[in-house]
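Asker: Listed below, chain by chain, are the residues.
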Amino acid sequence: MKMKWTSYPYLLWIIIFILVPLVLVLLYAITATEEHISNLEFTLDNFNRFLDPKYFDVLWVSVKLALQSTVMTLILGYPIAILIAKEKPSKRNILISLFIIPMWMNFLLRTYAWLTLLGKNGIINFIISQLGFGPLDLLYNDGAVLLGMVYNFLPFMILPIYSVLVKIDNSLMESAEDLGANKFQVFTKITLPLSIPGIITGITMVFMPAVSTFVISRLLGGGQYMLIGNLVEQQFLWVGDWHFGSAISIIMMIFILLTMAITAKFDTQKKGSRGLW
Amino acid sequence: MKSNMKTLLLMSLVFIIGFSITGCNDKPTLNVYNWGDYIDTDLITEFEDEFGVSVNYDKFATNEDMYVSIAKGGTSYDVAFPSDYMIERMIEEDLLVKINKDNIPNMKYIDNKFLNLSFDPNNDYSVPYMWGTFGIIYNKAMVDDAVDSWDILWDQKYKGQILMLDSQRDSIGVALKKLGYSMNTENIDELQEAKEELVKQKPLVYAYVGDEVKELMVGEEAALAVVWSGDAVTMINENKNLEYVIPKEGTNIWFDNMVIPKNAKNKELAEEFINFLNRPEIAARNTEYIGYSTPNTAAKELLPKEVINDKVAYPSDEELENTEVFLDLKDMLKVYDELWLEIKSHR
Numbered sequence: 026m027k028m029k030w031t032s033y034p035y036l037l038w039i040i041i042f043i044l045v046p047l048v049l050v051l052l053y054a055i056t057a058t059e060e061h062i063s064n065l066e067f068t069l070d071n072f073n074r075f076l077d078p079k080y081f082d083v084l085w086v087s088v089k090l091a092l093q094s095t096v097m098t099l100i101l102g103y104p105i106a107i108l109i110a111k112e113k114p115s116k117r118n119i120l121i122s123l124f125i126i127p128m129w130m131n132f133l134l135r136t137y138a139w140l141t142l143l144g145k146n147g148i149i150n151f152i153i154s155q156l157g158f159g160p161l162d163l164l165y166n167d168g169a170v171l172l173g174m175v176y177n178f179l180p181f182m183i184l185p186i187y188s189v190l191v192k193i194d195n196s197l198m199e200s201a202e203d204l205g206a207n208k209f210q211v212f213t214k215i216t217l218p219l220s221i222p223g224i225i226t227g228i229t230m231v232f233m234p235a236v237s238t239f240v241i242s243r244l245l246g247g248g249q250y251m252l253i254g255n256l257v258e259q260q261f262l263w264v265g266d267w268h269f270g271s272a273i274s275i276i277m278m279i280f281i282l283l284t285m286a287i288t289a290k291f292d293t294q295k296k297g298s299r300g301l302w
Numbered sequence: 003m004k005s006n007m008k009t010l011l012l013m014s015l016v017f018i019i020g021f022s023i024t025g026c027n028d029k030p031t032l033n034v035y036n037w038g039d040y041i042d043t044d045l046i047t048e049f050e051d052e053f054g055v056s057v058n059y060d061k062f063a064t065n066e067d068m069y070v071s072i073a074k075g076g077t078s079y080d081v082a083f084p085s086d087y088m089i090e091r092m093i094e095e096d097l098l099v100k101i102n103k104d105n106i107p108n109m110k111y112i113d114n115k116f117l118n119l120s121f122d123p124n125n126d127y128s129v130p131y132m133w134g135t136f137g138i139i140y141n142k143a144m145v146d147d148a149v150d151s152w153d154i155l156w157d158q159k160y161k162g163q164i165l166m167l168d169s170q171r172d173s174i175g176v177a178l179k180k181l182g183y184s185m186n187t188e189n190i191d192e193l194q195e196a197k198e199e200l201v202k203q204k205p206l207v208y209a210y211v212g213d214e215v216k217e218l219m220v221g222e223e224a225a226l227a228v229v230w231s232g233d234a235v236t237m238i239n240e241n242k243n244l245e246y247v248i249p250k251e252g253t254n255i256w257f258d259n260m261v262i263p264k265n266a267k268n269k270e271l272a273e274e275f276i277n278f279l280n281r282p283e284i285a286a287r288n289t290e291y292i293g294y295s296t297p298n299t300a301a302k303e304l305l306p307k308e309v310i311n312d313k314v315a316y317p318s319d320e321e322l323e324n325t326e327v328f329l330d331l332k333d334m335l336k337v338y339d340e341l342w343l344e345i346k347s348h349r
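Residue numbers (the numbering used here), protein chains in the order written: chain G, 26 to 302; chain Z, 3 to 349.
The set of hints was computed from the structure by calculation and includes no laboratory data.
Careful, some of the hints might be misleading.
In the BS3-like style, the derived pairs of lysine-lysine whose C-alpha atoms are separated by at most 25 Å in a straight line are [said to hold, decoys possible]:
#	chain 1	residue 1	chain 2	residue 2
1	Z	K197	G	K79
2	Z	K242	G	K145
3	Z	K159	G	K145
4	Z	K202	G	K145
5	Z	K202	Z	K336
If we strip away everything but chain Z, and leave its shape as in the complex, we get:
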């Protein structure tokens, strides 16, 4: 009996230790939820040191999986970085809190172009973080045709050398643009046509990828890829054979903003973090590190000339003429989900 008691005690101890191992930190904690490869991590350490807090940093791969974790997951985040259409949806579904702009004086550095956009008309809920486009990156040594249209992604010549984004909005959007339709279409026939295009393209596609696209393109494992502009900057820095093009049919222009979810536990600290990331010198360092385009004018002035003059990150107004912002699809989302499943499971 005695030894039985001992075993029981031992096992209970294991349980207790196991359950209590979390939460023995008395510093205030900030839970940040950001895209992968989307911040200079040194800045997080600096923020921790300056404010005497600890930051929990989690990453997501698409707007959709970020949405699901915030809407349904048990974890509460204090700051998240969704894109335009997802912000619209989250406001609609009452998942965000209004930001107290008095706590974010550095918002004055944000270019007016990026404020009061249709997804958040008064910027009550979101503060701009980065913006960009998506287009085609290609390897000049492997592609000898002129790349100026989405059509090249359907060219038999490049079978097995094309990388597409593993993200339904973006990939269906590419097909819609190729066909000359809006990326926000709610017309079932147009969407069906786009699906057929992607099914037709599937045998040519090497893989549908996320962040791996960078290693694959830099390592010359593929010739063409659909990528976001900031990633293109990083890739071109690492492999000079690469070039980024916004196709003539037009593309998507996107804005990633910082928001505070409704179930945030530390709203003031979240605002402090947003303000911190908008300090010109901090924003400049961050922008230079990740390669995306900053909406912060004061930060932009601090950037080296070659960065500002880079047409990939800061395209001219005429290049942006054909671009569209994604809108929240509301009930049409189900149709997109179904189509994407049909594309992915087609063999």
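This is chain G alone, in the form it adopts within the complex:
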């Protein structure tokens, strides 16, 4: 296939900012010392080191938290997407922008805001104590990290599901009702199956950043959470072992690719329709 002229800048972009860094990460992962490029020492030690149970624990905790937040965003996001999709177009746009506008703000800033909300002398605890209950420990625990993830990634679940739902032809639902299906049957037989591509996209869009996050776990987890993203961060910024850090990144990438492959398979089995993106 002959490529168009106009695609060259993109090609250049992909090579400089995606391909070259990926190759470098891979190169770091399979080499040992920082010798000159002419005498690189190839090794799989960096990967072997990850087989230690303590690193598996880190991986397990990260995956568990990411799965929990994915499930929670789905449970919260799906009904919201349906409600918005059912509105009149003018109202729809207003509602959907309510979910997009917070994303205009910097991600770090939004996460920092939770620190002041959840703190012992924060607004939420102030309201709780005004109602006569003791101050609660809301910050620096599992719940806070999970809340941070759900809050930050919820739009990534709502938007793809919403865009699939608004495209569903209303006459399908109407004819189902005409043929005697009740509301529940319309949902399980028509709406849900047709929205699966959106759900799959939503799941991958939430799971990927959730499993690799290190900022949310550090800010809202009070440095007590060592997730896989924190591990990579630590190797690069504090320990300076870029080889091991790269190996962990590769393992994480493989992991994400695997989960994507599994969800994609689930997708094609269902309807033969493709994901949104």
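The hints should help you fit chain Z onto chain G, whose structure is shown.
Answerer: Frame of chain G, contents of chain Z only:
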């Protein structure tokens, strides 16, 4: 075809602008790499105006991440502010250049106590900037026990009200001191014991923090915290319920010095900057602003009495009796890294 060409041109233009947006400043630039909250930023502007240069000011949070950016990062810094043990390591690894002392006449104001220390025996590579200790800051309204020992950080009573430093040397050091060992130990058993202590302490800890500790303690979000002395001064100024203690088991005494990394691009200007920060009136203003303790005798004389008499910033000699300076760990560093990971990932 014509429109295709146009699009291509447009896109190339975007690329070119994007790549050339950096580096259109012809003033000499000084790249400074310092700890967060560790300078009066007005002084940077004054330096820029006086010498007709522009200063790029970057910040780091721990010695370790400063080391990694200087040893591996692509950016070259002209002045950095590492602590004692890190200076030792950087000299060892040939990451620093010798300073030309003729260009820094103001070095004569530095108290002899802070010169020729073991990490840099002739001060060939570093000029003292600030010094201090770390200890426990606590809120008198929230803690009713006497605070004089590291043990209080393991007291069940204060569960969820203790803040530790998110810095491996310091936190492992606290546990080692509590157990009565040296903060520079290379004994694996002692280190394992220290790790067990920190794991045991973890359920009591509210969070492991860096500079956020100031807001948390001033805002009374926690009762006890391990902090550096200069930060303690700032916090006590903002909340009179706070008090700083050097535990009786002893603690760490540290020295942050200014150094010039090997890949510095503007060594003369770097020396000019170091000299500038050592002018008595400048050093005094800086010290008053950040709250740390100055090694500059002439600057100290210019400080208000209550600052000099503050035992937090300028503790007496007997209070400093038990203190230890961190030494470079060399190969043992790997063990510390592993232990810290085990502590942080323990649940």
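Asker: Against the earlier hints, flag every one the structure doesn't satisfy and list their numbers going up.
Answerer: Violated hints: none; all satisfied.
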